[in-house]
Amino acid sequence: AQKVTQAQTEISVVEKEDVTLDCVYETRDTTYYLFWYKQPPSGELVFLIRRNSFDEQNEISGRYSWNFQKSTSSFNFTITASQVVDSAVYFCALSRLSGYALNFGKGTSLLVTP
Amino acid sequence: DSGVTQTPKHLITATGQRVTLRCSPRSGDLSVYWYQQSLDQGLQFLIQYYNGEERAKGNILERFSAQQFPDLHSELNLSSLELGDSALYFCASSVGTGVSGNTIYFGEGSWLTVV
Chain A
1 AQKVTQAQTE
11 ISVVEKEDVT
21 LDCVYETRDT
31 TYYLFWYKQP
41 PSGELVFLIR
51 RNSFDEQNEI
61 SGRYSWNFQK
71 STSSFNFTIT
81 ASQVVDSAVY
91 FCALSRLSGY
101 ALNFGKGTSL
111 LVTP
Chain B
1001 DSGVTQTPKH
1011 LITATGQRVT
1021 LRCSPRSGDL
1031 SVYWYQQSLD
1041 QGLQFLIQYY
1051 NGEERAKGNI
1061 LERFSAQQFP
1071 DLHSELNLSS
1081 LELGDSALYF
1091 CASSVGTGVS
1101 GNTIYFGEGS
1111 WLTVV
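So the protein sequences, as listed, match chains A and B.
Counting with my numbering, you get residues 1 to 114 for the letters of the first sequence.
Counting with my numbering, you get residues 1001 to 1115 for the letters of the second sequence.
What the hints contain is simulated information worked out from the structure, not anything from laboratory work.
Please note: incorrect hints may appear among the correct ones.
Partial list, computed: chain B residues near chain A (C-beta under 10 Å) [what the hints assert, rightly or not]: (1) Lys1009; (2) Asn1102; (3) Thr1103.
C-beta: ideal position from N, C-alpha, C; glycine also.
Just need the whole structure built from these sequences, with the hints factored in.
Right under this line is the structure:
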């Protein structure tokens, strides 16, 4: 079975602060995919990143960066210089490499205040 | 805008009733997925279709059914509705089937409230 734990239920930061959202996963598969999605207040789920287990290289996209550590089964997401528009619920998800379903964590609600 | 279109955006209905949620995938996408997001269960995979055929089933209740039509749009039918079925129902789509090699894009969801 696969499981994703996002221990931080809610995080509140002031604009321009850096913030890291934690994601810890469990799987018996040796190969798998990890994802992050953003759900702004409007409700839609926005794809941010997909990473396969073969590739442990960290990724940076603008103010977003992701730290994948297979040794600790973690796939953490950092927002640098946070902005009010970053306020949303962020979901980490896991899937089998040959799977069809995304197994989502419970999400972390991020509030960025001016 | 992901390109996945869901209707209706909001729906209020009574217990015992039946509703149909509709999804149009992104242009060129052959796979459609349905997910349910509720406060207690979080985001859960329901079912997936690829080019009209059911490919995977998740935690979908027997009262729920889905299909994908030749024009690739999909419908999720929810019957004998209960209060606990109140949730945000997402449709998602991808080019191919399954997660491997595919990015899965979600629509804006259909809010269902059962009263």
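Hint check results:
no.	hint	verdict
1	Lys1009	9 Å, holds
2	Asn1102	9 Å, holds
3	Thr1103	6 Å, holds
When the structure is compared with the earlier hints, no violation turns up for any of them.
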